[in-house]
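J.: Sequence:
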Amino acid sequence: MPHNLYLHSALVKSRDIDRRRPEKIREANLYFFVEAAIAIFVSFIINLFVVAVFAHGLYKKTNHDIIETCQRYPSLNASTIFPDNNKFVDADIYKGGIFLGCTFGIAALYIWAIGILASGQSSTMTGTYAGQFAMEGFLNLQWVRWKRVLLTRSIAIVPTFCVAFFSTIENLTSFNDILNAVMSVQLPFALIPTIAFTSNVEIMGEFVNGIGNIIMAILTSAGIIGINTYFVISTIIGAHMSWYYLVLVSLVGIVYMMFCIYLGVHMVIFMGAKNLMNYSFINKYVWGPSIDAQGMPWTLLRS
Numbered sequence: 016m017p018h019n020l021y022l023h024s025a026l027v028k029s030r031d032i033d034r035r036r037p038e039k040i041r042e043a044n045l046y047f048f049v050e051a052a053i054a055i056f057v058s059f060i061i062n063l064f065v066v067a068v069f070a071h072g073l074y075k076k077t078n079h080d081i082i083e084t085c086q087r088y089p090s091l092n093a094s095t096i097f098p099d100n101n102k103f104v105d106a107d108i109y110k111g112g113i114f115l116g117c118t119f120g121i122a123a124l125y126i127w128a129i130g131i132l133a134s135g136q137s138s139t140m141t142g143t144y145a146g147q148f149a150m151e152g153f154l155n156l157q158w159v160r161w162k163r164v165l166l167t168r169s170i171a172i173v174p175t176f177c178v179a180f181f182s183t184i185e186n187l188t189s190f191n192d193i194l195n196a197v198m199s200v201q202l203p204f205a206l207i208p209t210i211a212f213t214s215n216v217e218i219m220g221e222f223v224n225g226i227g228n229i230i231m232a233i234l235t236s237a238g239i240i241g242i243n244t245y246f247v248i249s250t251i252i253g254a255h256m257s258w259y260y261l262v263l264v265s266l267v268g269i270v271y272m273m274f275c276i277y278l279g280v281h282m283v284i285f286m287g288a289k290n291l292m293n294y295s296f297i298n299k300y301v302w303g304p305s306i307d308a309q310g311m312p313w314t315l316l317r318s
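Using this note's numbering, the letters of the sequence shown correspond one by one to residues 16 to 318.
Read the hints as simulated data drawn from the structure, not as lab findings.
In this text, all values refer to a predicted model and were calculated from it rather than measured experimentally.
Built from N, CA and C at the ideal position, the CB exists for glycine as well.
Where hints are given, some of them may not hold.
As the list claims (entries may be wrong) - Here are the simulated DSSO-like cross-link-like pairs (lysine-lysine), alpha carbons at most 30 Å apart as the crow flies:
(1) Lys39 x Lys76
(2) Lys28 x Lys162
(3) Lys28 x Lys39
(4) Lys39 x Lys75
(5) Lys289 x Lys299
(6) Lys102 x Lys75
(7) Lys76 x Lys110
Stated by the list, open to error - Label pairs and their in silico Cβ distance ranges:
(8) Tyr300 x Lys76: 51 to 59 Å
(9) Tyr271 x Gly120: 27 to 35 Å
(10) Glu50 x Phe190: 40 to 48 Å
(11) Ala254 x Lys76: 21 to 29 Å
(12) Leu261 x Ile121: 38 to 46 Å
(13) Val164 x Gly287: 56 to 64 Å
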């Protein structure tokens with residue numbers, strides 16, 4: 016999730032480290048890396064198992080096949096969830112849980128439900144915390160802590176609660192797919208600045224990314240952004256929208272791509288390609304006269 020990059024930075028900032036001693040920073044970076052690597056690896060294994068189970072159980076399976084499988088558990092009402100036809104199953108989180116219950120028993124359905132609940136809780140907490148830290152920084156809120164927490168978390172939680180309370184399960188599942196597409200769209204806004212800042216020697220000093228890390232980060236980010244863009248486009252095409260909606264989405268997409276290019280140019284300049292600033296268009300409309308090394312706020316962090 017894109018916002019976890021901001022959340023991790025905020026959580027790391029709260030650690031008690033003697034930042035005047037480079038060896039202590041290196042030691043802390045090692046432990047932070049191990050902590051993040053373990054969490055990501057465990058998450059990867061869980062997601063791998065989930066994908067493998069559904070790929071094995073639902074590949075080339077029709078709705079009628081699932082209804083036949085669910086006849087052993089009439090309480091699941093599979094016939095009201097899956098249309099009785101020979102089309103391939105259009106799986107989602109809700110239908111996936113029903114499939115697990117029909118295939119592996121009711122216990123699997125409840126285990127899946129608990130897992131989805133835990134996933135939703137953790138996603139809500141990380142998203143809310145990340146939004147809270149970002150808003151406190153951008154808005155420079157000088158309120159008492161409980162007021163800041165109440166405002167920032169209400170902005171994140173209240174709309175979600177309203178959607179959950181007034182919608183049906185089917186609508187919530189579709190809403191979840193839309194949110195995944197939105198996070199895919201947001202990913203460049205977190206990845207590109209992160210690579211730019213961590214690759215700038217004026218910001219990072221001796222902890223700046225090496226050429227190997229830069230190449231790996233750019234290639235990995237480009238691959239992830241490309242895959243996510245493909246799935247977003249597939250989602251839009253599969254929605255069968257009217258032509259005027261497609262025109263509107265196309266215009267938004269053009270603006271979005273221009274902004275990604277804008278961030279990319281900033282990233283390249285931050286990495287040391289200062290010669291790009293010799294182009295009048297980039298110097299005037301992309302880099303801007305207000306951005307110079309003496310006025311950058313992060314220089315104060317190292318003073």
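J.: Now tell me if each hint is right for this structure.
T.: Status of each hint after checking the structure:
1. Lys39 x Lys76: 55 Å, violated
2. Lys28 x Lys162: Cα-Cα ~22 Å, so holds.
3. Lys28 x Lys39: Holds, because 14 Å separates the two Cα atoms, which is no more than 30 Å.
4. Lys39 x Lys75: 55 Å, violated
5. Lys289 x Lys299: 14 Å, holds
6. Lys102 x Lys75: 9 Å, holds
7. Lys76 x Lys110: 13 Å, holds
8. Tyr300 x Lys76: 51 to 59 Å: 53 Å, holds
9. Tyr271 x Gly120: 27 to 35 Å: Because 45 Å falls outside the window, the suggested range is violated.
10. Glu50 x Phe190: 40 to 48 Å: 32 Å, violated
11. Ala254 x Lys76: 21 to 29 Å: Once the Cβ atoms are compared, 24 Å apart, the range 21 to 29 Å for Lys76 and Ala254 holds.
12. Leu261 x Ile121: 38 to 46 Å: At 43 Å between Cβs, range holds.
13. Val164 x Gly287: 56 to 64 Å: At roughly 40 Å between Cβ atoms, Gly287 and Val164 fall outside 56 to 64 Å, so the hint is violated.
In the structure shown, a violation is registered for the earlier hints numbered 1, 4, 9, 10 and 13, in ascending order.
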